[in-house]
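Undergrad: Sequence:
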Amino acid sequence: MKTVRTRTLEIAYEESGPATGSPVVLLHGFPDDVRAYGGVAPALAAAGWRVIVPYLRGYGPTRFLDPQTPRSGQQAALGQDLLDLLDRLGIERAALAGYDWGGRAACIVAALWPERVRCLVSIGGYNIQNIALSGRPAAPEHEHRLWYQWYFHGERGRAGLAANRRPLCRLLWQLWSPNWRFDDVTFERTAASFDNPDFVDVVIQSYRHRFRLAPGDPELESIEERLAGQPPITVPAIVLHGAADGVSPPQSSEGHRPFFAGPYHRRVVPLAGHFLPQEAPAAVVEALQELCPAP
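Numbered per my numbering, the sequence shown spans residues 79 to 373.
Bear in mind the hints are in silico, worked out from the structure with no lab data behind them.
Don't take each hint at face value.
Unchecked claim - Straight-line C-alpha distance at most 25 angstroms; calculated SDA-like pairs for lysine to any residue:
| id | residue 1 | residue 2 |
| --- | --- | --- |
| 1 | K80 | T98 |
| 2 | K80 | E170 |
| 3 | K80 | S94 |
| 4 | K80 | P96 |
| 5 | K80 | A124 |
| 6 | K80 | P359 |
| 7 | K80 | G116 |
| 8 | K80 | R344 |
| 9 | K80 | D165 |
| 10 | K80 | A123 |
| 11 | K80 | P328 |
| 12 | K80 | P120 |
| 13 | K80 | L167 |
| 14 | K80 | A121 |
| 15 | K80 | R223 |
| 16 | K80 | D276 |
| 17 | K80 | R267 |
| 18 | K80 | G213 |
| 19 | K80 | F142 |
| 20 | K80 | L161 |
| 21 | K80 | P275 |
| 22 | K80 | A210 |
| 23 | K80 | D273 |
Claimed, not checked - Computed spacing ranges between beta-carbons, pair by pair:
| id | residue 1 | residue 2 | range |
| --- | --- | --- | --- |
| 24 | S212 | A97 | 18 to 26 angstroms |
| 25 | P293 | W228 | 14 to 22 angstroms |
| 26 | A124 | P310 | 46 to 54 angstroms |
Remember, predicted model here, so these are calculated numbers, not experimental data.
Note that beta-carbon positions come from the ideal geometry of N, C-alpha and C, so glycine has one too.
Go ahead and model the full structure; you've got the sequences and the hints to work with.
TA: This is how it looks when you write it as structure tokens:
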């Protein structure tokens, strides 16, 4: 494991492959960590990529530098963290792949700073939130899938996450990836990352901010304003979506084509759920190598 300091964080990350290889950054979601890419990173490294897999803010060994910095999990923070990571590592352009929170970070950097991105594999579709429409009700069959978000909106949910982070996150794994038969060792290896002292605060702020129930970090307001326009992604992109995703079914990304203004393909991965990189790592590797071959 390595670390790098940005303006706000000491970001922990794992690196593999040749230092001179074409860089790719793989970004995990909630609730997960770098182990999400345990079947992806070795294959890419063996193919000659320089593979960077960071722990997002609030996860694992990544730490805030200043106790006064807001423990924000808002989308602008995730995008800024990724941009800062590229800057500190001296990476001018990288391939990006991510899902859930990590997919959001990847989409944001691809949309706002396309000159830094060679290509994008976005799991779940166009992951930039439309906060202005967050109060618009969805179909009942979709609303019930987001029960954990409504739970986090209240103080009972904050207390529940703090007291029961392992059983709660394990339940989400089971519900969101119903065909994935992970074992105790696999879960516990990742669940250690949820013991980060900022995990609860970052998670709660994330799920409240996206519904305008919590203020954002004032330092990030200019980025949020740009994201409010739902900027298109112009870099070459492949969208992957698990056919059995229990929180965001594949129908949710069917209409996302207008958000991608460059070369675009969408693939539904049979049997895979929300934690697609763990369930179908070959699909992620194939998409990256097809879309953005390592030079």
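Undergrad: Quickly compare the C-alpha distance for K80 and A210 to 25 angstroms and report which way the hint goes.
TA: Answer violated: K80 to A210 is near 38 angstroms, above 25 angstroms.
Undergrad: With a cut-off of 25 angstroms on the C-alpha distance, tell me whether K80 and G213 pass.
TA: violated, 40 angstroms
Undergrad: Is it true that the CA of K80 sits at most 25 angstroms from the CA of A123?
TA: holds, 16 angstroms
Undergrad: Does K80 pair with A124 here, judged by a C-alpha cut-off of 25 angstroms?
TA: holds, 20 angstroms
Undergrad: Below or equal to 25 angstroms on CA atoms is what counts here, so check K80 against S94.
TA: holds, 11 angstroms
Undergrad: Holds or violated: K80 with L167, Cα cutoff 25 angstroms?
TA: At roughly 11 angstroms apart (the allowed maximum being 25 angstroms), L167 and K80 satisfy the hint.
Undergrad: So if I understand the rule, the pair passes when the alpha-carbon distance is 25 angstroms or less; does K80 with R344 pass?
TA: With a Cα-Cα distance of about 34 angstroms, the restraint between K80 and R344 is violated, given a limit of 25 angstroms.
Undergrad: For K80 and R267, compute the direct alpha-carbon distance and say whether it is at most 25 angstroms.
TA: holds, 18 angstroms
Undergrad: Given the hinted pair K80 and L161, is their alpha-carbon gap at most 25 angstroms?
TA: Roughly 17 angstroms between the alpha carbons, so the hint for K80 and L161 holds.
Undergrad: Run the distance test for K80 versus R223: straight-line Cα separation, threshold 25 angstroms.
TA: violated, 36 angstroms
Undergrad: Return holds or violated for the Cβ distance of S212 and A97 against the range 18 to 26 angstroms.
TA: This hint is violated: roughly 42 angstroms between Cβ atoms.
Undergrad: CA of K80 to CA of P120, is that 25 angstroms or under?
TA: holds, 17 angstroms
When held up to the earlier numbered hints, the structure conflicts with 8, 11, 15, 18, 22, 24 and 26 and fits the remainder.
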